[in-house]
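Asks: Sequence:
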Amino acid sequence: MAKIEGNVIMQGMSGTIGKQLVFKNYSYGTVVSRVPDMSKVIPTALQKAEKNRFKLAVAYAKQVLANPAMEADMRSRTPVGKRVYHQAISEFMSKENL
Numbered sequence: 053m054a055k056i057e058g059n060v061i062m063q064g065m066s067g068t069i070g071k072q073l074v075f076k077n078y079s080y081g082t083v084v085s086r087v088p089d090m091s092k093v094i095p096t097a098l099q100k101a102e103k104n105r106f107k108l109a110v111a112y113a114k115q116v117l118a119n120p121a122m123e124a125d126m127r128s129r130t131p132v133g134k135r136v137y138h139q140a141i142s143e144f145m146s147k148e149n150l
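In this text, residue positions in the sequence shown follow the working numbering: the first is 53, and each later residue adds one.
These aren't lab readings, by the way, just hints derived from the structure by calculation. It cannot be assumed that every hint is accurate.
[Claimed, not checked] Now the in silico label distances, taken between C-beta atoms and shown as ranges:
{"hint": "1", "residue 1": "103", "residue 2": "134", "range": "15 to 25 Å"}
{"hint": "2", "residue 1": "70", "residue 2": "93", "range": "16 to 26 Å"}
{"hint": "3", "residue 1": "75", "residue 2": "135", "range": "25 to 35 Å"}
{"hint": "4", "residue 1": "85", "residue 2": "122", "range": "42 to 52 Å"}
{"hint": "5", "residue 1": "64", "residue 2": "134", "range": "20 to 30 Å"}
{"hint": "6", "residue 1": "61", "residue 2": "99", "range": "35 to 45 Å"}
[Unchecked claim] With a cut-off of at most 27 Å between alpha-carbon atoms, the simulated DSSO-like pairs for lysine-lysine come out as follows:
{"hint": "7", "residue 1": "107", "residue 2": "134"}
{"hint": "8", "residue 1": "147", "residue 2": "114"}
{"hint": "9", "residue 1": "71", "residue 2": "103"}
{"hint": "10", "residue 1": "147", "residue 2": "100"}
{"hint": "11", "residue 1": "76", "residue 2": "103"}
{"hint": "12", "residue 1": "134", "residue 2": "114"}
{"hint": "13", "residue 1": "103", "residue 2": "114"}
{"hint": "14", "residue 1": "147", "residue 2": "103"}
{"hint": "15", "residue 1": "71", "residue 2": "100"}
{"hint": "16", "residue 1": "134", "residue 2": "147"}
{"hint": "17", "residue 1": "107", "residue 2": "147"}
Idealized CB from N, CA, C, for every residue including glycine.
Starting from the given sequences, assemble the full structure and let the hints guide the process.
Replies: Quick look at the structure:
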């Protein structure tokens, strides 16, 4: 891991380059590190369940956008600056927790 100081081009950069380098921004500056090897990480049952729940939320949001009546209803509940797609995911995830 390397800390970037005084480089105008790289300062504030974030993301991945070529599946080899990762640029991260912290309060103390920009850091360059290697892409983590996640091949040996085994997700827990709870992580798998949450991933599946989010997959269902995305499917629901796409269904809302495909149906004009559902989209109009969702749009009426969507705050200014938020997309209908994200509002649908948010509502699905919060309803599932009840």
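Asks: Now tell me, hint by hint, if it's right for this structure.
Replies: A quick look at each hint next to the structure:
1. Restraint check, residue 103 to residue 134: a C-beta distance of roughly 23 Å satisfies the suggested window 15 to 25 Å.
2. At roughly 22 Å, the beta carbons of residue 70 and residue 93 sit within the given window of 16 to 26 Å.
3. Remark: the range hint 25 to 35 Å for residue 75 to residue 135 is upheld by a beta-carbon distance near 27 Å.
4. Under the hint 42 to 52 Å, the C-beta atoms of residue 85 and residue 122, about 43 Å apart, fit the expected range.
5. Separation of residue 64 from residue 134 is about 26 Å and conforms to the stated range, judged on CB atoms against 20 to 30 Å.
6. For the pair residue 61 and residue 99, the supplied restraint of 35 to 45 Å holds, since their beta-carbon distance comes to about 37 Å.
7. Under the criterion of a C-alpha separation no larger than 27 Å, the hint pairing residue 107 with residue 134 is consistent with the structure, at around 20 Å.
8. A distance of roughly 17 Å separates the Cα atoms of residue 147 and residue 114; the hinted pair therefore holds under the 27 Å criterion.
9. Simply put, residue 71 and residue 103 have alpha-carbon atoms about 23 Å apart, close enough for the 27 Å limit, and the pair holds.
10. Taking the CA atoms of residue 147 and residue 100, the gap is about 19 Å. The hint holds against a cut of 27 Å.
11. Between residue 76 and residue 103 the CA atoms are separated by roughly 24 Å; this keeps the pair inside 27 Å, and the hint holds.
12. Of the supplied pair hints, the one linking residue 134 and residue 114 holds, its CA atoms being roughly 16 Å apart against a limit of 27 Å.
13. Restraint check for residue 103 and residue 114: satisfied, since their Cα atoms lie roughly 17 Å apart, inside the 27 Å limit.
14. Between residue 147 and residue 103 the alpha-carbon distance is near 16 Å, which keeps this suggested pair within the 27 Å criterion.
15. For the proposed pair residue 71 and residue 100, the alpha carbon gap of about 24 Å is at most 27 Å, so the pair holds.
16. Taken as a hint, the residue 134 and residue 147 pair is honoured in the structure, with Cα atoms around 19 Å apart against an allowance of 27 Å.
17. A distance of roughly 15 Å separates the Cα atoms of residue 107 and residue 147; the hinted pair therefore holds under the 27 Å criterion.
In the structure shown, no violation is registered for any of the earlier numbered hints.
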